[in-house]
Amino acid sequence: MAKTVMITDDTAFMRMTLKNVIEKNGYTVVAEAADGEEAVALYKEFKPDMVTMDITMPKMDGITAIKEIMKFDPTAKIIVCSAMGQKPMVIEALSAGAKDFLVKPFDAERVVESLRKISS
Amino acid sequence: MDISSFKEVFAAEARDYLQSLNEDLLSFENDPSDKTTVDDMFRAAHSLKGMAGTMGFDELAEFTHEMESVLDLLRNGELEPSQEVINALFASVDTLEVLLEQTINEEPITPVREQIAMLEAVTHKRPASAAPSPRQEEEIPVSVELDEFKRETIKQGLEQGYSSFFVKVVLRANTVLKSVRVYTVFQAVEEIATIIQSNPSVQELEEEEFDDTFILTILTKESSEQVLHRVRNISEIEHVEVAPVSLDEGQALEQDEGESEGAAIETAAAVEKVSTGAPSPVVRHHRPEALVRVETGRLDKLINLVGELVTSRTQVLEMVQVEDSIGALDQLDRVTTELQYAAMSLRMVAIKQVFDRFPRMVRDLAQSSGKDINLKIYGEMTELDRSIVNQIGDPLVHLIRNSIDHGLESTADRVAKGKPAAGTITLGARHEGSHILIEISDDGQGLDLERIREKAIEKGLLTPDHGSITVEEAGDLLFSAGFSTAEQVTDLSGRGVGLDAVKSTVESLSGTIEIESEPGHYMRTTIKLPLTLAIIKALMVVADGETLAIPIQAVRENLQVERSQIKTVQQNDVIMLRNEVLPLYDLAECLGFKPLDTEGPLSVIVVEIRGQKVGFVVEDLIGQQEIVIKSIGGILSDIRGIAGATVLGNGTIALIIDNSTLIG
Numbered sequence: 001m002a003k004t005v006m007i008t009d010d011t012a013f014m015r016m017t018l019k020n021v022i023e024k025n026g027y028t029v030v031a032e033a034a035d036g037e038e039a040v041a042l043y044k045e046f047k048p049d050m051v052t053m054d055i056t057m058p059k060m061d062g063i064t065a066i067k068e069i070m071k072f073d074p075t076a077k078i079i080v081c082s083a084m085g086q087k088p089m090v091i092e093a094l095s096a097g098a099k100d101f102l103v104k105p106f107d108a109e110r111v112v113e114s115l116r117k118i119s120s
Numbered sequence: 001m002d003i004s005s006f007k008e009v010f011a012a013e014a015r016d017y018l019q020s021l022n023e024d025l026l027s028f029e030n031d032p033s034d035k036t037t038v039d040d041m042f043r044a045a046h047s048l049k050g051m052a053g054t055m056g057f058d059e060l061a062e063f064t065h066e067m068e069s070v071l072d073l074l075r076n077g078e079l080e081p082s083q084e085v086i087n088a089l090f091a092s093v094d095t096l097e098v099l100l101e102q103t104i105n106e107e108p109i110t111p112v113r114e115q116i117a118m119l120e121a122v123t124h125k126r127p128a129s130a131a132p133s134p135r136q137e138e139e140i141p142v143s144v145e146l147d148e149f150k151r152e153t154i155k156q157g158l159e160q161g162y163s164s165f166f167v168k169v170v171l172r173a174n175t176v177l178k179s180v181r182v183y184t185v186f187q188a189v190e191e192i193a194t195i196i197q198s199n200p201s202v203q204e205l206e207e208e209e210f211d212d213t214f215i216l217t218i219l220t221k222e223s224s225e226q227v228l229h230r231v232r233n234i235s236e237i238e239h240v241e242v243a244p245v246s247l248d249e250g251q252a253l254e255q256d257e258g259e260s261e262g263a264a265i266e267t268a269a270a271v272e273k274v275s276t277g278a279p280s281p282v283v284r285h286h287r288p289e290a291l292v293r294v295e296t297g298r299l300d301k302l303i304n305l306v307g308e309l310v311t312s313r314t315q316v317l318e319m320v321q322v323e324d325s326i327g328a329l330d331q332l333d334r335v336t337t338e339l340q341y342a343a344m345s346l347r348m349v350a351i352k353q354v355f356d357r358f359p360r361m362v363r364d365l366a367q368s369s370g371k372d373i374n375l376k377i378y379g380e381m382t383e384l385d386r387s388i389v390n391q392i393g394d395p396l397v398h399l400i401r402n403s404i405d406h407g408l409e410s411t412a413d414r415v416a417k418g419k420p421a422a423g424t425i426t427l428g429a430r431h432e433g434s435h436i437l438i439e440i441s442d443d444g445q446g447l448d449l450e451r452i453r454e455k456a457i458e459k460g461l462l463t464p465d466h467g468s469i470t471v472e473e474a475g476d477l478l479f480s481a482g483f484s485t486a487e488q489v490t491d492l493s494g495r496g497v498g499l500d501a502v503k504s505t506v507e508s509l510s511g512t513i514e515i516e517s518e519p520g521h522y523m524r525t526t527i528k529l530p531l532t533l534a535i536i537k538a539l540m541v542v543a544d545g546e547t548l549a550i551p552i553q554a555v556r557e558n559l560q561v562e563r564s565q566i567k568t569v570q571q572n573d574v575i576m577l578r579n580e581v582l583p584l585y586d587l588a589e590c591l592g593f594k595p596l597d598t599e600g601p602l603s604v605i606v607v608e609i610r611g612q613k614v615g616f617v618v619e620d621l622i623g624q625q626e627i628v629i630k631s632i633g634g635i636l637s638d639i640r641g642i643a644g645a646t647v648l649g650n651g652t653i654a655l656i657i658d659n660s661t662l663i664g
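Read top to bottom, the protein sequences are chains R and Y. Numbering follows this note's numbering, with no gaps: position 4 of the first sequence is 4. Numbering follows this note's numbering, with no gaps: position 59 of the second sequence is 59.
In isolation and in its complexed conformation, chain Y is listed as follows (with noise of 0.2 Å):
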């Protein structure tokens, strides 16, 4: 089995451990009593820890158990978790995001000597009262090596519907006639399941030649947790566990949360876990909403597929006009439509993705700036298209961080205003008709439209006389070029370049951003952004003869212009349009093909590009369609003026117009 197949699957489900125990060490410094969070990150370390060892990862291995050993020591109350504890954790899952990627993109290793004498430098502080307890029962994995016959008898048992699993059973210290306790086990188990195996061996049980543990493998029709039930309600059992017991090479089973072979080997051992007499722990799932792992690529592939399905479908119902074949045709036009929608929603996902860094982000934000801060989040459930996922981040990331610099007041002059002593900062996302609103905003100074309208004069943005700003005409300046306020270039904000690049990365999404303030009390930034780009409304067009598709959302109006109302202005061809001026560029000549010219009226597209509108003079309208977008791959793919391609019912091509890159 060659395990480096495996290498995108243990990335992926690394990350996911990683990004749990943030969270996990998110609300255990909230709460450092939970035992439970302390246990979830233990699993979650010692599965990383597996994983990383199985894959031959031995630095990630490494530096995973040294921050296995201290999650051990905090979980048996042995270490205290201080400030420094949790610091020291946090800083190992930084380190381990480092060590991963550089692992999985095999970039040089960087040492991390320092940072495993800080991790044994918190140990040692452990109160010296509680000597390490001889505690080893996680030592011993729950599982067993089973022989060909055996793996034969739960293959065969799989096959008819029962389910197979280990189950660890760990007696306390203790017990007395241990082997009789054992017997009790047996009885319980058999009751309900199969015996298949026992480790160590029924005789070795029976003449009590065990320390506390044995792990018996079974064929059962009940599920783990009716297993578990059973053997708790046993006397004198300190702790079961029930795992699903995996036959590798190609056999998996089991895997309810869909990994593949090479992973499931150690997260198998992630299931539940009691310890009896305490109130049994939640069982937390990685990954609640992620059941299968595709690669992007297949997926757009199926996607792109499914398009020209529905376009050769449009073409069909265009050509095929005969009666009797009317209803298969219905038939077939609304299952490829059903087939579209189904196919666009494998790739929305949920925008928490992109949330989930964020609680982590504003709790180191605000310890270093010393301010004390909420961070709300609602509506992390909310789909959009991956791709506006993928790049909705780093936007985020900038707003949220201009909100703790300079929206967020310190908290001596929150008390002094009269204000809660914690800022807050609340990050949301809803659906509004074919958009998504993503809101991040904040409690604290808002705008200072004064200091704003200063700053663009000193840069050359407004002239010295300018008059007082609206809260409109700030956002606007904030968003253009080279516009910075900050005072003092802290690490927090950078240097002024950010919130124009906020600008147009969202405009290349296709969508809009808006300021709100009220000087003083709030700012609220809101980003809209289409569900997808993948579908778009275009309106299509002709020009020089070709077909070309204009995303709706630029267009502001269509007009007819007789050629006498063309004025030109410093050589430009303009028209007055209510009381504006409207300058006109011919579309074909933009693109570079043959100018227009024909006699008569003229159509014009008005389209509005960074707020400016223009208009474009074409040839011919033929009216709104919905389109497939296809990127145009290779060399040609920077394009400017095009952002694509799609393919029309009759099977030719239309470029796609990327109005933001057409005029310059």
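Bound-form chain R, shown alone (with noise of 0.2 Å):
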């Protein structure tokens, strides 16, 4: 069975690219969330294989969003998303469970190496 993926990102846009690259690669998108509050209710739902994670979103963060779900569920394997210059962040992200990081904009090769790793 293909291994599922929830998106979390606040663009639609961003959703679309990331499914299309994710979607194409065999893995199922089996949800897409706006923003941190959404993740965590539809993580809690569908309890998908992977999930990426925007870090600066409304309502929740991304940060309190991964926090969240490795209360939930600690063997939780997310992807971070971050962009240029939010180190800090990416390593409070990865301190907080996260087990791997992308930096926009993304590059479709290193999106797919990035599920392919955490899931092995």
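Straight-line C-alpha distance at most 20 Å; calculated SDA-like pairs for lysine to any residue:
id	chain 1	residue 1	chain 2	residue 2
1	R	Lys117	Y	Ile192
2	R	Lys44	R	Phe72
3	R	Lys87	Y	Ala188
If we take Cβ atoms under 8 Å as the criterion, some of the chain Y residues that face chain R in the derived model are:
id	residue
4	Val176
5	Leu177
6	Tyr183
7	Thr184
8	Asn233
9	Ser235
Estimated spans, in silico, between C-beta atoms of each pair:
id	chain 1	residue 1	chain 2	residue 2	range
10	R	Asn25	Y	Arg113	52 to 58 Å
11	R	Ser120	Y	Met381	34 to 40 Å
12	Y	Leu332	R	Ser120	56 to 62 Å
These aren't lab readings, by the way, just hints derived from the structure by calculation. Predicted, not measured: the structure shown is a model, and the values here were computed from it. Glycine included, each C-beta is placed from N, C-alpha and C at the ideal position.
Using the hints, put the two chains back together into the complex; each one sits in its own frame.
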């Protein structure tokens, strides 16, 4: 069965781009969240195998969302997505339990590598 | 630390590397697309260079460096693996072999300028499109300096059952947020290990003051594979290597291959290496069967002592016949017997050692003779006594050369005869009872009986009116001195010396050699050798009061002969035995003892020497016994008729008869 992925990003364009890359590589996108709160709720509902998590989002930021999700499921596999200049946040996300990180703009190959490695 | 004491270890290991370079080159020639082989060769050359450098053998190190450069270009795809390149590499291995032996024997080093020029010539023909890429990750070795405190920490960790590794991590060139990537590596490694040291320092890594490579020194309870696996599963890692930490100066650890310190310094780097993204290459270890190197002299001493122990045991068993000590004596008997077998097994080595050189030899001869040849090898793990292995190589070389030179037809001839274009040579070994059989066969033209007959007549070995000969007779002729049917002397099989030398080597090892052939189709030579030369079965006899041992494999029968049956032919005593004339010799007289002067019937031992039966008259016959052969050293080692000596159960010494030189 194909591994399931939840995409978290506040811009629809980014979600679309990511979904396109992820689905092309044999994964199933089971949920798309537009902010941290939604991400936590949808994670509990769908229990996806992997999560991509943007940092800067309305309502609840990505780092808080990661902490919430890890509290619910310590084995969650989360890839944090950052923009340039967010290095301290990335480290905070990794300490909070994120398994890998991606830096925008995304390179399709990097996204796939990351999914492949954290799922193995 | 006096490095010269490592010379032997160095020599043995360097020879291993050259052997594996040879083998890898052969498989590379068959499949140049196999990157793993090139990587293996590169590693072997790299390790060899390091070892030679450590020993201060500059010529060797320099030449290996040249070869390594060619392999590096191959590895990076900057040089096409053309036949010319492969031949140059083969020639380089040969050059290295010469350099190695000269270096070890402290002989003058032959200048290798031409060979270096040859290697440079092939490298300059690299494809122009591929500019040398600035990859230099190999230049950073997988090890770092450790201060006294860190070394102490590692030592204590090792004592508590931890392993210590260097983990070399190379990030992909375009990695973003390098410091954060390093952080993920630290996170992953710290889940299973304690990081003792980081080079460059953590601060430099955080400030991204490094290129792409960093080395962690860790203590862990996990295996190197586990560590490798963990790091490999991190994104944006170009490549990872894990190598055991060795604290030198007598505390070299993690030497799972049993090298001693001197050699381990550089070879430690030849451990797992994995480029991410590609399927992980097969990790090949050198010398799978060799775990500990022991000087053969020490081994022989051990075996000798065990032999003596067994002898004294027999003595004790003969002397003591007290009821209540029987149980303990049985135990002593069992243990010493097992000890003897265990000690004997130390002498046993796989015949692979000898067979390994043939793929390369056949390849070279195939190339120079223009014939297409497949070499099939079986039974290479068959074990036999080391002393036999050491001597059987040359005879096998000779027989294989003969097969290539005289046996296999040219490709055109084979096709014309409807045979497969490529000739096949089979080399194999197997056990049969207490013997090992070595077979060398080819599917060539077989024995040309008519030509052998003509040649034998020409050489005066047969009378001119001799009719057609059988395969068996042809075999005997081929093995007789001074016989060669090669019309042209080639550099392959030499000049008619050889096959008789092959036969005498085999016979000196108490073996026999046999030829089978179907003219037009095949020829097979089978060498039958005893498994060990250290213990033999012997017939014990007495001559002039001395106990003597006659190796049993030469003994055909023993007889009681009435003096009236003895006839004299040309001043020699003979008897008629089943219509054959059997010459008689007094064993005591042959050895320079006092001739037998008793009355009554005589005990005669019939022995076969070089195909001829002869009878030895002895004073008395004791019976069969297993004996441990001990060589008689020094000035006594070359006495005609004596092969060695053995100590008997009662502590007396018996000489062992060497049939082949007893009568001349």
